[in-house]
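Colleague: Listed below, chain by chain, are the residues.
2 protein chains.
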Amino acid sequence: MSTSTTNARDLASLVRLARAARAGQRGLGTAAADVRTAVLGRLSALLGERQEEILAANQLDLDAARESQLSAPLLGRLALSPSKLATLREGVDIVAAQADPIGRVVRATELDDGLILRQVSSPIGVLLIIFESRPDAVVQIGSLALRSGNAVILKGGSEAGHSNRVLVACLRDALVAEGLPADAVCGIEGRDAVRELLELDELINLVIPRGSSALVRSIQASTRIPVLGHAEGICHLVLDASADVEVATRLAVDGKCGYPTACNAVETLLVHHEFLPQLATVGQALIDRNVELRADERSRACLPAAAPASDEDWATEYGDLVLAIRTVDTLDQAIAHIHQYGSAHTEALVTQDSESRARFLRGVDAASVFVNASTRFADGYRYGLGAEVGISTSRIHARGPVGVEGLLTTRWLLEGEGQIADDYGPGKKAFKHHVLPTGGPED
Amino acid sequence: MSTSTTNARDLASLVRLARAARAGQRGLGTAAADVRTAVLGRLSALLGERQEEILAANQLDLDAARESQLSAPLLGRLALSPSKLATLREGVDIVAAQADPIGRVVRATELDDGLILRQVSSPIGVLLIIFESRPDAVVQIGSLALRSGNAVILKGGSEAGHSNRVLVACLRDALVAEGLPADAVCGIEGRDAVRELLELDELINLVIPRGSSALVRSIQASTRIPVLGHAEGICHLVLDASADVEVATRLAVDGKCGYPTACNAVETLLVHHEFLPQLATVGQALIDRNVELRADERSRACLPAAAPASDEDWATEYGDLVLAIRTVDTLDQAIAHIHQYGSAHTEALVTQDSESRARFLRGVDAASVFVNASTRFADGYRYGLGAEVGISTSRIHARGPVGVEGLLTTRWLLEGEGQIADDYGPGKKAFKHHVLPTGGPED
Numbered sequence: 001m002s003t004s005t006t007n008a009r010d011l012a013s014l015v016r017l018a019r020a021a022r023a024g025q026r027g028l029g030t031a032a033a034d035v036r037t038a039v040l041g042r043l044s045a046l047l048g049e050r051q052e053e054i055l056a057a058n059q060l061d062l063d064a065a066r067e068s069q070l071s072a073p074l075l076g077r078l079a080l081s082p083s084k085l086a087t088l089r090e091g092v093d094i095v096a097a098q099a100d101p102i103g104r105v106v107r108a109t110e111l112d113d114g115l116i117l118r119q120v121s122s123p124i125g126v127l128l129i130i131f132e133s134r135p136d137a138v139v140q141i142g143s144l145a146l147r148s149g150n151a152v153i154l155k156g157g158s159e160a161g162h163s164n165r166v167l168v169a170c171l172r173d174a175l176v177a178e179g180l181p182a183d184a185v186c187g188i189e190g191r192d193a194v195r196e197l198l199e200l201d202e203l204i205n206l207v208i209p210r211g212s213s214a215l216v217r218s219i220q221a222s223t224r225i226p227v228l229g230h231a232e233g234i235c236h237l238v239l240d241a242s243a244d245v246e247v248a249t250r251l252a253v254d255g256k257c258g259y260p261t262a263c264n265a266v267e268t269l270l271v272h273h274e275f276l277p278q279l280a281t282v283g284q285a286l287i288d289r290n291v292e293l294r295a296d297e298r299s300r301a302c303l304p305a306a307a308p309a310s311d312e313d314w315a316t317e318y319g320d321l322v323l324a325i326r327t328v329d330t331l332d333q334a335i336a337h338i339h340q341y342g343s344a345h346t347e348a349l350v351t352q353d354s355e356s357r358a359r360f361l362r363g364v365d366a367a368s369v370f371v372n373a374s375t376r377f378a379d380g381y382r383y384g385l386g387a388e389v390g391i392s393t394s395r396i397h398a399r400g401p402v403g404v405e406g407l408l409t410t411r412w413l414l415e416g417e418g419q420i421a422d423d424y425g426p427g428k429k430a431f432k433h434h435v436l437p438t439g440g441p442e443d
Numbered sequence: 001m002s003t004s005t006t007n008a009r010d011l012a013s014l015v016r017l018a019r020a021a022r023a024g025q026r027g028l029g030t031a032a033a034d035v036r037t038a039v040l041g042r043l044s045a046l047l048g049e050r051q052e053e054i055l056a057a058n059q060l061d062l063d064a065a066r067e068s069q070l071s072a073p074l075l076g077r078l079a080l081s082p083s084k085l086a087t088l089r090e091g092v093d094i095v096a097a098q099a100d101p102i103g104r105v106v107r108a109t110e111l112d113d114g115l116i117l118r119q120v121s122s123p124i125g126v127l128l129i130i131f132e133s134r135p136d137a138v139v140q141i142g143s144l145a146l147r148s149g150n151a152v153i154l155k156g157g158s159e160a161g162h163s164n165r166v167l168v169a170c171l172r173d174a175l176v177a178e179g180l181p182a183d184a185v186c187g188i189e190g191r192d193a194v195r196e197l198l199e200l201d202e203l204i205n206l207v208i209p210r211g212s213s214a215l216v217r218s219i220q221a222s223t224r225i226p227v228l229g230h231a232e233g234i235c236h237l238v239l240d241a242s243a244d245v246e247v248a249t250r251l252a253v254d255g256k257c258g259y260p261t262a263c264n265a266v267e268t269l270l271v272h273h274e275f276l277p278q279l280a281t282v283g284q285a286l287i288d289r290n291v292e293l294r295a296d297e298r299s300r301a302c303l304p305a306a307a308p309a310s311d312e313d314w315a316t317e318y319g320d321l322v323l324a325i326r327t328v329d330t331l332d333q334a335i336a337h338i339h340q341y342g343s344a345h346t347e348a349l350v351t352q353d354s355e356s357r358a359r360f361l362r363g364v365d366a367a368s369v370f371v372n373a374s375t376r377f378a379d380g381y382r383y384g385l386g387a388e389v390g391i392s393t394s395r396i397h398a399r400g401p402v403g404v405e406g407l408l409t410t411r412w413l414l415e416g417e418g419q420i421a422d423d424y425g426p427g428k429k430a431f432k433h434h435v436l437p438t439g440g441p442e443d
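Heads up: the protein sequence lines correspond to chains A and B, in order.
Each residue of the first sequence is one higher than the one before, counting from 1 in my numbering.
Each residue of the second sequence is one higher than the one before, counting from 1 in my numbering.
Pulled out of the complex, with its shape left as it was, chain A reads as follows (with noise of 0.2 Å):
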């Protein structure tokens, strides 16, 4: 099995891992498509020819937990299985399957006669991903990776040590198999290693935390690369003077108690203050439920069970079975509080009328915005985008949930007969800038 994961600390092999890495990058990014697909076929095989010796390396992540006293949910979400080994393996051929992202013309233009300008996608290059206790992400973000040509460097957390180690490796002898270097994937271990490779601007292209906000702005704060952060999920879901009752019961329930840790998760209701007379049929579904309503003095007027809700709730992500409800006069109203206290992740209406529906589609600046949709549809999957590298709450780059196009960049290629600048311009010869159709392959 190859070497797979680095516990080095010192500055110069952190540097060689990296400079290691980006020569692999260009191994890889540059293999035919069929080779990065046979490199997925081979590390879905792997994953089972291995199970025994994946599952014995889980065990001991497990028993090392458990005398840790890890709590109950981070040891399940650290437990690998066979029959999560079979869902990983099939995400693995779902990625293999997909057609490859490389190469695709985005945009090309006819500049001047014999002289042609294609926009195509490319892998970014070296990704440093930081993720949590899950070891499926190894293999998740692994195989994103191969499929969009790009290196990644994996940091997991400690307590999956020995798990991520065998994956790693997983991935690294696929590559090998394929005739790749193993070096496009490593593993490495480790706070201080983390902190060295954020230096590294000029190695690293893109790093990728998956985990809490103040993970993200921490990493954000100390380093030149680019941070695809996933922040936190202040998500509204606003009843409308014109709600239908029952879809906003719907809604409301689904949105908070279908998965209350997600981020994507409700956590606080605006209520239109016409609609307040209805408010107490949400409130009963919520509470039957279990749910611990905090509201404000108009809205505690029909939800007596209630507790009183304060300023600090609007800007709370509870992450649990904790709702917040605050009364507006006006949707504009409930825009401006979504717009100060929201996180911009997803906001969602329940309404009938058309004119608040064209209002709220307009006027919310968040990555999601919904309309009669529980906000628990903002996730790569629901939306068709395949495997979910993450839901970006940055602006720039991708916005929202991040399919494999989030791993993406362009390159201009520009194809001449000879041409030299200094011909065009006022007095010269003119540019035709004659769009061309795109779709197809680069070659």
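Warning: the hint list may mix true and false statements.
When chains are identical, the list treats them as one kind, so a pair holds in a single copy or across two.
In silico DMTMM-like pairs for lysine to aspartate or glutamate, Cα to Cα no more than 20 Å straight-line [as the list claims (entries may be wrong)]: (1) 432 <-> 379; (2) 429 <-> 415; (3) 429 <-> 379; (4) 428 <-> 379; (5) 432 <-> 388.
If you are wondering where the hints come from, they were derived from the structure by calculation, not from laboratory data.
For chain A, the structure is supplied; the task is to place chain B on it using the hints.
Modeller: Only chain B this time, still in chain A's reference frame:
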């Protein structure tokens, strides 16, 4: 005239300014397209009406600059004139005539019956633009920001203070005249103010520094806000074994002499050893244009006038009539040199061989990769992008020449009939993920 530019140094007033810009952006970004078009028309008119005032302010800057012995090229960039103002107005008119870029549907998917997802182009939010002596930038960048619905905070060079202030006032007055908030455009002065604003990552969404790569790197190191940076251009021209000597000569002269301080100028010539017998022709044409040549030993044998090159030359952006020349044994060696010393800006190959062409286009990792065309074509205007925000050497969001699309992000709009996520999944309803046609406006 609307108060235009803040000299505030204290954090509280800068926070107020950034908040006002954000509130201004909400108004600008959600206004109807024809209102933004009218603002641009108004701006063009104001630049005409206030020509005397603008030129008088510019004269104050020029007087001070001459007193402080600013160099002639910098004086040239600082100076405005009736003809420069006419060109600026023409640029504003062109941007005004462009289709509104907001609300374009870039992806649409029917997730299920009556559950329609659309990804639509949207303004990014508040941009902080830092630029140097040319006051023209206020109008050029300001008009792109208005067209794309973004607020801008503009920080120009102190040597252009009077000019910038009156131009910022024109932008603000144009907004007010169409009923939009003036604060969607703000001017600030002083480096301290920039330092403070770079802390405000919750209010400012993108920083675009236009200047030296030292400036860009220092900004990247001191903020959590994403930076759209334009760093140095160390561009190469590769002369393949099969290069046509006439094309090679033309591209070398255009690439080096067309505008030597431009970031898309050629800094190093990489010469396949089989081309060496013809190198003297290329070298003589460059010497005739007063280019100083610095060459490795093998190429100096053909170019007796060249000085010896050192490793430092390969990593230098001369920005001047100086050219480094190195011999390579293979095309792959040239590509390896480019990846080691280049800045991934623009790389060009002269060849008549289709295999070399394909290998170069596929194998070179740079924003722009050219075959048989001058590096000087790497430019937003020449690419047909309309006005240019800059040339990005970032790999994410926007790479290479950046037009108005670099100032846009997307939002995901989902419209349903009360659907909830809990109804979908294994053993429940399946998503349709039916791709819908795109291209039209949002509604």
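Colleague: Each of the hints needs a verdict: does it hold here or not?
Modeller: Going through the hints against the structure:
1. 432 <-> 379: between (42 Å within a copy, 15 Å between copies)
2. 429 <-> 415: Only inside one copy: residue 429 and residue 415 sit 18 Å apart there, 49 Å across copies, limit 20 Å.
3. 429 <-> 379: between (50 Å within a copy, 16 Å between copies)
4. 428 <-> 379: Classified as between; 17 Å across copies, 52 Å inside a copy.
5. 432 <-> 388: So residue 432 and residue 388 pass the 20 Å test across copies only (18 Å; inside, 40 Å).
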